[in-house]
Structure formats: structure tokens, C-alpha cells
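**Student:** Based on the provided sequences and hints, a complete structural model is requested.
Here is how the chains run, residue by residue.
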Amino acid sequence: MTDESSSSTLRRHALKHVLKLALFGAVAVGLSAGQAFAASTNVAVAANFTEAAKEIAAAFQKKTGHEAVLSFGSSGQFFTQINQDAPFQVFLSADSARPQKLEESPLGVKGSRFTYAVGKLVLWSKSPGVVKGEETLKEAKFAKLSICNPTAAPYGAAAVETMQALKLDAELKPKLVEGANITQAYQFVQTGNAEVGFVALSQVINDKDGSRWMVPQTLYKPITQDAVLLKKGEANVAAKAFIDFLKGPEARAIIEKYGYEPGKVS
Amino acid sequence: MHNLPPDIWQPVWLTIELAAITTIILLIVGTPIAWWLSRSRAAWKEGVAAVVAMPLVLPPTVLGFYLLVLMGPDGPGGALASLWGGRTLAFTFGGLVFGSVIYSMPFVVQPIRNAFDAIGDRPLEVAATLRASPLKAFWTVAVPLARPGFLAGAVLGFAHTVGEFGIVLMIGGNIPGSTKVLSVAIYDYVETSQWREANILAGGMAAFAFVVILTMMMLEKRTARIRG
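Here the protein sequences come in this chain order: E and X. Numbering of the first sequence is given in this note's numbering, commencing with residue 3 and proceeding in unit increments. Numbering of the second sequence is given in this note's numbering, commencing with residue 596 and proceeding in unit increments.
Hint data in this document are derived by calculation from the structure and do not stem from the laboratory. Just so you know, not all the hints are guaranteed correct.
As the list claims (entries may be wrong) - Quick look at which bits of chain E chain X covers, simulated, 3 or more residues with Cβ under 8 Å:
#1 148–157
#2 172–183
Unchecked claim - Label pairs and their in silico Cβ distance ranges:
#3 X:Ile611 / E:Lys140: 50 to 56 Å
#4 X:Glu612 / E:Leu168: 34 to 40 Å
#5 X:Gln789 / E:Ser107: 16 to 22 Å
#6 E:Gln86 / X:Glu612: 31 to 37 Å
#7 X:Ile611 / E:Gly131: 41 to 47 Å
#8 E:Lys177 / X:Trp604: 23 to 29 Å
#9 X:Phe805 / E:Pro251: 56 to 62 Å
#10 X:Ala713 / E:Ala60: 41 to 47 Å
#11 X:Leu809 / E:Lys210: 56 to 62 Å
The model shown is predicted, which means the values in this text are computed figures rather than measured ones. Ideal placement from N, C-alpha and C gives every residue a C-beta, glycine not left out.
**Tutor:** This is how it looks when you write it as C-alpha cells:
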């Protein structure tokens with residue numbers, strides 16, 4: 003009797019242990035599967051797209067569980083770094099020329115390039131009433147006009163095109179100050195060191211003070227901002243998912259909110 | 596050397612000019628500071644020494660950021676600039692000189708202070724008993740004895756101004772002939788994939804750094820001999 007009962011409690015114990023182990027195992031397998039599913043990808047983002055990219059990355063993580071680790075800088079800088087084997091898997095450039103060059107090289111994935119946003123240029127001042135329209139440039143009642151490096155950053159090139167179209171480039175040249183990227187061009191105006199500056203609409207869209215002139219699209223070539231999947235991201239589910247997400251309606255709504263035109267998705 | 600942009604050497608001359616002016620200002624401003632730091636018994640002396648040494652530790656972006664704000668129209672720099680009708684001290688050669696003086700200060704003050712410390716009180720006491728005025732004792736006794744310190748300070752101050760990047764990037768505005776210095780020009784060439792130009796300037800900088808360090812090591816050897 004005592005033997006029988008003790009052996010049955012033993013069996014019950016054993017059963018409990020087995021069940022516990024099985025439960026642990028299931029949870030562990032579930033966890034590791036979840037981790038394998040939630041991957042992470044390194045994305046190089048052109049400085050003008052900083053705020054929009056942060057919001058997109060947050061929405062992306064919420065929806066897919068994947069993480070997009072963002073780096074911000076000028077397109078020229080990233081292009082050079084990617085050519086030197088930088089560990090980026092997706093590149094959101096501020097132009098289309100650099101992603102195209104990467105796509106044609108062994109560093110990019112063929113057929114992965116697409117336009118995610120079309121940028122808009124504004125002339126901006128942090129003081130109200132300073133920027134009225136193109137007459138602000140013609141009158142040139144300012145000491146410094148900030149732009150970003152026209153050879154490295156497309157918004158700088160668009161600013162130069164605008165001044166050329168208005169035939170003011172020679173006149174305004176002595177007043178130009180150059181930021182290494184669009185963030186710095188904006189910083190010069192924000193700190194008041196330059197009275198006016200050519201910046202991306204996305205940077206000042208939520209700025210209610212200050213004054214601005216939306217430069218008409220007839221004065222500069224459209225700033226088509228292309229994204230490309232890089233070879234380093236070809237095998238990464240998160241990288242591919244990020245590109246898909248960028249083309250989707252949620253991301254496009256965010257892109258529009260920040261003052262860009264979303265690209266045409268083929 | 597054909598096919599090089601004609602203005603590739605302009606940043607080189609500009610940088611040498613900036614470094615030379617900065618070094619001269621620092622020798623004039625830094626010497627009394629170093630002397631005071633070496634001789635004063637004030638309790639807050641080390642506080643001042645710490646402030647002077649701070650650029651050694653601070654990232655240049657911190658200095659650049661504060662300078663950008665201080666030089667702007669809402670800061671003291673803007674008030675100063677309004678004296679000659681300007682709005683800001685940023686984007687000017689003068690602004691770069693100001694930023695460089697702050698940035699390179701510890702590299703000049705520290706070696707001079709060390710040299711003054713090494714002399715000790717004795718030679719100056721002797722000079723005083725021989726009726727030399729404190730000023731005369733300073734010029735005829737302390738300065739000659741501290742010569743290796745002045746040399747080291749000048750070389751280091753010059754070299755660090757040449758190598759400065761973060762501050763000039765943040766307050767310069769990349770204006771050719773005025774604020775586009777060597778380090779910024781190299782950054783530009785790298786960003787626009789002009790590697791040959793970048794290589795020429797960067798290679799020159801590397802050679803320059805080697806010569807500076809070699810000079811410093813030889814100076815140090817000589818100082819050690821003098822002291823020994």
C-alpha cells in the first residue's frame with residue numbers, strides 16, 4: 003500500500019517534470035523562433051529625410067517586429083562609405099544618380115532601385131516677413147544665404163539651379179555659406195548666423211514661425227530621392243521588408259506628411 | 596601634376612595663415628596665463644587650469660555648437676560684429692581665428708606652464724637679490740630658461756590648428772579663400788569621390804604630422820638634457 007502510493011506520487015512528480023520541461027521547451031522554441039523572425043537592418047538615410055525616416059522606422063517596427071537601425075549623413079558621404087564596404091543594407095539617397103551607380107555596380111541589387119520621395123526646396127528664414135518670394139533673392143537684403151554643398155548634396159544643386167534660373171547666381175555668390183549637408187545649412191539659419199537659407203521643405207514643414215518661399219518646381223530639376231537595396235542586405239528579411247514597407251501606404255502617408263511627394267510605385 | 600583643380604592649394608595657404616596667426620596670438624595670450632598658473636597660490640587656480648584644458652576632452656562639435664550660438668546675432672559675437680556693421684562672427688576668417696585660439700589653447704599653455712614649473716623659485720630669487728625687477732627677471736631669466744616649453748607650445752599649437760576639423764566645419768561655412776581650410780577641403784574631396792585630390796592633401800597632412808611628432812620628440816630629448 004505504502005509502496006504503491008509512494009510510487010504513484012513518484013510517477014505524478016515525474017509527469018509534472020516532463021510537462022514543465024515540455025512547457026519550457028515550447029516557450030524557448032517560441033522565443034528563439036520569434037527572435038529569428040524579428041531581424042534588424044542597417045539603413046543609411048540622407049540627412050534631409052531624417053525625421054520622416056525615424057517615424058517610418060517606428061511604424062515599420064510596430065507592424066513587422068523588425069528593427070531598422072538608421073544612420074544619417076549626406077548622400078555623398080554614404081556613397082563613398084558604401085564603396086568602402088560600409089555595413090549598410092539599404093540606402094535612402096537624396097538623389098537618383100548615386101543609387102543608380104550602386105545598382106549598376108556589384109554593391110547594389112539589380113532592379114531594386116525606386117523613387118521613394120520627391121523633395122521640395124524652400125527658401126527659409128526664422129524671422130517672419132523676411133522671405134516673401136523670389137524678390138527676396140533679387141533684393142538680397144541679407145548678409146548670408148546658406149545652402150548645402152552643391153556637389154555632394156542634391157538640395158545644394160537645386161539651390162544653385164534656382165539661382166541660375168533667376169540669373170542671380172553671380173550676384174549672390176559672395177553671400178553664400180555652405181553646410182556639409184542639409185542639416186547644417188538649416189542649422190546656420192536656425193542659429194541666425196545666416197538670415198536666409200535654401201533648405202528642404204521637410205525640415206521646416208512644422209515650423210509655424212518664420213517665413214518661407216516654396217521654390218517653384220519650374221526653377222530646378224525635380225529632386226527625385228531613390229532608394230536601393232545593397233548586396234549586404236540581399237539575404238536579410240528585415241532589409242527587404244523595410245523596402246516593401248517604404249513602398250506601402252503607411253510609409254507613403256508619412257512621406258507626404260513631411261512635405262514630400264511620394265514616388266510612383268511601379 | 597596636371598588635371599588638378601587650380602584652387603587645390605588655396606586651402607593649404609589659408610590653413611598655414613590661420614595656424615600662424617592663432618599660434619602668435621596664443622603665445623601672447625597664453626604666456627601670462629601659463630605664468631600665473633605656475634606661480635599663483637590662489638585656491639581656484641586649478642579651476643582655471645581645468646577650463647583651459649577642457650578643449651582636450653570636449654568633442655570639437657561641442658565647441659563648434661557653442662561657438663555657432665555665441666557668434667550669432669543673438670550672442671555676444673553678434674554684438675561685437677555689429678560694431679563694424681556685421682551680424683555674425685561665423686563664416687569669417689576672424690571667427691575661425693577666435694575658435695582656433697580657444698581650441699588650441701591647452702596645447703600652448705600646458706608646455707609653457709610645465710617649463711615655468713621646472714625652473715622653480717630659486718633662479719628668480721637669485722635675480723631679485725641682484726636687484727632685477729620682477730619684469731626684468733621674467734624676461735632675462737624665466738623666458739630663456741623656458742625656451743623649450745615655448746618651442747613645444749608653438750609647434751603643438753600650430754599643428755593642432757592645422758588639424759582642426761569639427762569646429763571649422765560647424766562655424767566656417769566652407770567659403771573658399773576665407774574659411775575653407777585644409778581639413779574641410781579633404782572632407783569635400785572625399786564626399787564627392789575626388790580621391791586623387793583627397794590623397795594629395797591627406798598624404799601631405801600625414802607627412803606633416805610625422806615631422807611635427809619627430810620634432811617634438813627631439814625637443815623633449817633636448818629639454819631632458821638641459822634639466823639633467
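**Student:** None of the hints should be skipped; say for each whether it holds.
**Tutor:** Consistency of the hints with the structure:
1. 148–157: This one holds; 4 residues, not fewer than the three required, reach chain X with a Cβ under 8 Å.
2. 172–183: With 5 residues closer than 8 Å to chain X, the segment 172–183 of chain E meets the three-residue bar; holds.
3. X:Ile611 / E:Lys140: 50 to 56 Å: 39 Å, violated
4. X:Glu612 / E:Leu168: 34 to 40 Å: Check passed, 35 Å falls within 34 to 40 Å.
5. X:Gln789 / E:Ser107: 16 to 22 Å: About 18 Å separates the Cβ atoms of glutamine 789 of chain X and serine 107 of chain E, which means 16 to 22 Å holds.
6. E:Gln86 / X:Glu612: 31 to 37 Å: The hinted range 31 to 37 Å holds for glutamine 86 of chain E and glutamate 612 of chain X, with Cβ atoms some 33 Å apart.
7. X:Ile611 / E:Gly131: 41 to 47 Å: 44 Å, holds
8. E:Lys177 / X:Trp604: 23 to 29 Å: 25 Å, holds
9. X:Phe805 / E:Pro251: 56 to 62 Å: 58 Å, holds
10. X:Ala713 / E:Ala60: 41 to 47 Å: Once the Cβ atoms are compared, 59 Å apart, the range 41 to 47 Å for alanine 60 of chain E and alanine 713 of chain X is violated.
11. X:Leu809 / E:Lys210: 56 to 62 Å: 58 Å, holds
When the structure is compared with the earlier hints, violations turn up for hints 3, 10 and for no others.
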